[in-house]
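Q: Generate the whole structure from the sequences, applying the supplied hints.
Chains A and B, in that order, are what the protein sequence lines are.
Residue numbers for the first sequence follow my numbering, beginning at 522 and rising by one.
Residue numbers for the second sequence follow my numbering, beginning at 522 and rising by one.
One or more of the hints may lead you astray.
Repeated chains share a single entry, so a pair holds when one copy, or any two copies, can fit it.
[Claimed, not checked] Below, a list of computed lysine to any residue pairs in the SDA-like style, where the Cα atoms sit at most 25 Å apart:
id : residue 1 : residue 2
1  : Lys-533   : Gly-663
2  : Lys-534   : Glu-640
3  : Lys-672   : Thr-539
4  : Lys-610   : Ile-746
5  : Lys-533   : Gln-599
6  : Lys-546   : Pro-598
7  : Lys-546   : His-906
8  : Lys-909   : Glu-898
9  : Lys-533   : Gly-618
10 : Lys-534   : Gly-618
11 : Lys-909   : Ala-529
12 : Lys-534   : Gln-599
13 : Lys-909   : Arg-547
14 : Lys-672   : Ala-828
15 : Lys-546   : Ala-795
16 : Lys-909   : Gly-618
Simulated from the structure, these hints should not be mistaken for lab results.
None of the values given here were measured: they were computed from a predicted structure.
Protein chains: 2
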Amino acid sequence: MVSEEMYALGTKKSTIRTIFEYGQKRAGEVGAENVFDFSLGNPNVPAPDFIRAAAVDILLHSDPMEVHGYTIAPGKPQVREILAADLKKRFGMEITGNNLFLTAGAAASVTITLKALAEPGDRFVVIAPFFPEYRVFVEACGGQLDVVPAKTDDFQIDLAALEEQLTPQTKAVIVNAPNNPSGAVYSVETLMQLAALLHAKEHAYGHPIFIIADEPYREIVYDGITVPCIPLLYENTIICYSYSKSFSLPGERIGYILVPDSVADFARVYGAVAGAARVLTHVNAPSLWQLVAARCAGRAADLSTYARNAALLYDGLLAAGFSCVRPQGAFYLFPQALEPDDEAFCERARMHDLLLVPGTDFGCPGYFRAAYCVRTEMIVRALPHFQKLAEEYRGTT
Amino acid sequence: MVSEEMYALGTKKSTIRTIFEYGQKRAGEVGAENVFDFSLGNPNVPAPDFIRAAAVDILLHSDPMEVHGYTIAPGKPQVREILAADLKKRFGMEITGNNLFLTAGAAASVTITLKALAEPGDRFVVIAPFFPEYRVFVEACGGQLDVVPAKTDDFQIDLAALEEQLTPQTKAVIVNAPNNPSGAVYSVETLMQLAALLHAKEHAYGHPIFIIADEPYREIVYDGITVPCIPLLYENTIICYSYSKSFSLPGERIGYILVPDSVADFARVYGAVAGAARVLTHVNAPSLWQLVAARCAGRAADLSTYARNAALLYDGLLAAGFSCVRPQGAFYLFPQALEPDDEAFCERARMHDLLLVPGTDFGCPGYFRAAYCVRTEMIVRALPHFQKLAEEYRGTT
Chain A
522 MVSEEMYALG TKKSTIRTIF EYGQKRAGEV GAENVFDFSL GNPNVPAPDF
572 IRAAAVDILL HSDPMEVHGY TIAPGKPQVR EILAADLKKR FGMEITGNNL
622 FLTAGAAASV TITLKALAEP GDRFVVIAPF FPEYRVFVEA CGGQLDVVPA
672 KTDDFQIDLA ALEEQLTPQT KAVIVNAPNN PSGAVYSVET LMQLAALLHA
722 KEHAYGHPIF IIADEPYREI VYDGITVPCI PLLYENTIIC YSYSKSFSLP
772 GERIGYILVP DSVADFARVY GAVAGAARVL THVNAPSLWQ LVAARCAGRA
822 ADLSTYARNA ALLYDGLLAA GFSCVRPQGA FYLFPQALEP DDEAFCERAR
872 MHDLLLVPGT DFGCPGYFRA AYCVRTEMIV RALPHFQKLA EEYRGTT
Chain B
522 MVSEEMYALG TKKSTIRTIF EYGQKRAGEV GAENVFDFSL GNPNVPAPDF
572 IRAAAVDILL HSDPMEVHGY TIAPGKPQVR EILAADLKKR FGMEITGNNL
622 FLTAGAAASV TITLKALAEP GDRFVVIAPF FPEYRVFVEA CGGQLDVVPA
672 KTDDFQIDLA ALEEQLTPQT KAVIVNAPNN PSGAVYSVET LMQLAALLHA
722 KEHAYGHPIF IIADEPYREI VYDGITVPCI PLLYENTIIC YSYSKSFSLP
772 GERIGYILVP DSVADFARVY GAVAGAARVL THVNAPSLWQ LVAARCAGRA
822 ADLSTYARNA ALLYDGLLAA GFSCVRPQGA FYLFPQALEP DDEAFCERAR
872 MHDLLLVPGT DFGCPGYFRA AYCVRTEMIV RALPHFQKLA EEYRGTT
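A: Take a look at the structure:
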């Protein structure tokens with residue numbers, strides 16, 4: 522009567538959602554202040570004042586037909602020119618507004634790109650640990666997902682393992698850095714090695730292999746790290762971006778796809794992006810937020826809360842005896858679980874009212890994700906519970 | 522290298538877009554005031570002041586985390602309750618917020634619904650004249666489109682012709698009223714006959730046949746007409762709505778899907794809608810506009826311009842010798858072309874700088890669409906050109 526596949530996708534709760542709902546219920550029982558919910562990757566820094574000021578000013582002083590009318594599918598030309606000029610200045614890329622296609626956020630950007638590229642039989646490579654929704658997106662576009670196991674010593678890329686996943690059917694590699702859930706930023710060295718490997722395979726297979734660079738966390742980085750601009754290292758790179766995290770606007774759904782001139786046959790790729798947006802009925806990116814993004818181009822929100830939280834939770838977990846790669850960006854910590862079975866570990870943590878997501882969900886068993894986009898004082902109050910949990914494990918071994 | 526299907530969909534210009542672009546070019550040659558572009562269905566009434574006031578007030582006085590944060594996929598519960606209460610009051614339907622799933626506009630509403638329902642081999646019926654994008658939406662969901670020929674004397678539904686299109690594989694009938702392009706509103710009598718026919722076929726085939734009621738023009742009606750509430754006449758009706766036209770917000774992408782409790786197996790249908798929204802990566806309807814829609818529930822924009830334009834163009838065309846069914850709503854006129862070949866007719870109209878869309882595009886050859894969501898004075902200045910065109914045809918016959 523309905524599509525069983527859609528019904529299953531719409532009703533089967535994700536692990537993260539199940540944990541979150543448990544947390545809400547548990548808060549009702551023991552008080553919200555006694556539940557330490559690290560499950561959700563939801564920005565907890567409010568949108569900056571300059572966003573509010575820009576939106577209000579546009580609403581009050583611009584022609585409503587200009588603000589709220591349909592835009593052409595790729596987005597308002599003048600908005601794209603402004604965003605392109607800013608990207609050119611920041612990253613030294615040669616781009617214009619014609620390289621941008623505005624979208625309703627990162628999920629839309631990635632799915633539109635996948636749908637644009639996917640031909641029957643195509644395979645897409647992801648690097649563990651990886652955002653679990655990639656599997657849904659790839660399979661919805663008729664593609665098959667191949668997973669490169671995690672390089673757990675530093676969460677860079679195991680290039681030998683990646684090479685094993687490349688086949689003549691490989692259409693693209695999804696690269697997500699700063700990474701959800703590991704917090705790793707792939708270094709220029711890693712990316713140059715990746716580029717060399719892909720170049721060799723492109724030559725061997727006789728067709729392009731794209732990098733789909735999913736970069737919603739690009740502006741959340743620590744310790745002076747910058748995220749390398751992958752198109753400058755590898756021509757066939759398509760960037761998927763969202764303002765959800767950098768401007769704390771996840772509900773508004775605004776982002777873009779950047780198709781550089783350097784991709785093989787730019788016109789075909791950009792045209793297919795337009796077609797994919799059309800069939801996925803992303804008619805145009807919300808028009809007010811197109812204007813706000815342009816007005817705020819070059820501005821940066823104060824995201825220092827995430828750095829403070831990262832340091833506090835990282836130091837606290839290390840002091841409690843956890844082992845963890847220091848995050849370089851995003852707002853997640855991905856420590857080793859205190860037993861090999863990460864799901865059992867997260868169950869046990871739950872007994873201490875610590876809500877964590879098993880690494881298995883991200884294709885990386887034996888680890889767990891703690892999202893620290895939470896109030897700093899919750900981290901302070903949670904640390905003794907992490908300590909007790911670790912002591913409990915030490916007592917049983 | 523890319524999906525050929527997506528490339529074709531993204532680059533093959535629609536007839537409407539081609540006409541519009543010609544108009545822009547021609548305006549550069551002879552002056553914008555001398556080109557009479559009736560090609561685009563783009564609201565020309567600005568969003569009402571109460572929309573601006575609501576948006577500004579929410580931005581200035583609400584917590585940005587509440588305004589801009591992710592919402593749950595179906596939309597903010599309190600927003601859905603308010604919208605449901607308003608619909609209950611207006612239409613006498615028994616609904617709550619749980620019957621609504623907020624979306625990014627009507628195209629998303631229809632596609633999500635199609636994707637939720639479509640099983641392999643399913644067929645979907647449309648009634649000519651029909652919005653051409655339905656074909657793209659249905660085929661993108663793996664369905665097959667069956668077309669009921671137009672009942673050109675009044676643009677109601679030819680039920681005998683519709684019956685011929687119903688098969689055991691028919692999953693749904695798309696009903697669009699006020700209709701784009703005919704301006705017809707299907708009467709209660711027509712809809713009751715349709716309901717009786719579909720009930721009989723449901724019984725014969727042993728499975729539900731849904732009505733997908735696509736109603737973005739619901740509030741644009743003339744002469745005291747109201748749009749019948751189809752779920753009150755036929756249980757298995759799903760309404761797809763958008764605020765694009767009623768509040769002149771097409772660029773912002775905000776609307777909803779209404780799944781009434783009366784549909785067969787509500788939980789399965791609503792669950793599949795959620796799954797379809799997920800794979801089409803409509804993560805949540807833009808959050809500010811969810812709040813604005815709730816704040817403005819029950820309010821009505823002044824859309825009298827459309828009624829004035831309808832009367833002016835209708836009377837003018839009749840006086841010039843055209844034959845046309847009087848529109849009851851939306852913002853289109855769908856007169857008979859002055860020769861059987863509507864494409865040749867539109868070409869000839871173009872020589873008079875009248876930009877019209879051939880009825881063939883809407884599955885109804887021999888007619889043309891004139892969108893009158895334009896400045897009233899453009900209609901005034903266009904009428905003599907319609908007269909000259911009609912005289913030219915009279916001279917040649």
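Q: None of the hints should be skipped; say for each whether it holds.
A: How the hints compare with the structure:
1. Lys-533 to Gly-663: Close inside one copy (20 Å) and across copies (23 Å); limit 25 Å.
2. Lys-534 to Glu-640: between (30 Å within a copy, 22 Å between copies)
3. Lys-672 to Thr-539: Cα proximity of Lys-672 and Thr-539: none, with 28 Å in one copy and 52 Å across.
4. Lys-610 to Ile-746: Cα proximity of Lys-610 and Ile-746: one copy only (18 Å, versus 56 Å across).
5. Lys-533 to Gln-599: between (42 Å within a copy, 24 Å between copies)
6. Lys-546 to Pro-598: between (47 Å within a copy, 17 Å between copies)
7. Lys-546 to His-906: Classified as within; 19 Å inside a copy, 69 Å across copies.
8. Lys-909 to Glu-898: Classified as within: same-chain Cα gap 18 Å, cross-chain 77 Å, threshold 25 Å.
9. Lys-533 to Gly-618: Intra 40 Å, inter 21 Å, cutoff 25 Å: inter-copy only.
10. Lys-534 to Gly-618: between (39 Å within a copy, 20 Å between copies)
11. Lys-909 to Ala-529: neither (38 Å within a copy, 60 Å between copies)
12. Lys-534 to Gln-599: between (41 Å within a copy, 22 Å between copies)
13. Lys-909 to Arg-547: For Lys-909 and Arg-547, the Cα distance is within 25 Å only inside one copy (19 Å; across copies 76 Å).
14. Lys-672 to Ala-828: within (24 Å within a copy, 66 Å between copies)
15. Lys-546 to Ala-795: between (43 Å within a copy, 23 Å between copies)
16. Lys-909 to Gly-618: neither (54 Å within a copy, 43 Å between copies)
The structure is inconsistent with the numbered hints 3, 11, 16, although it conforms to all the rest.
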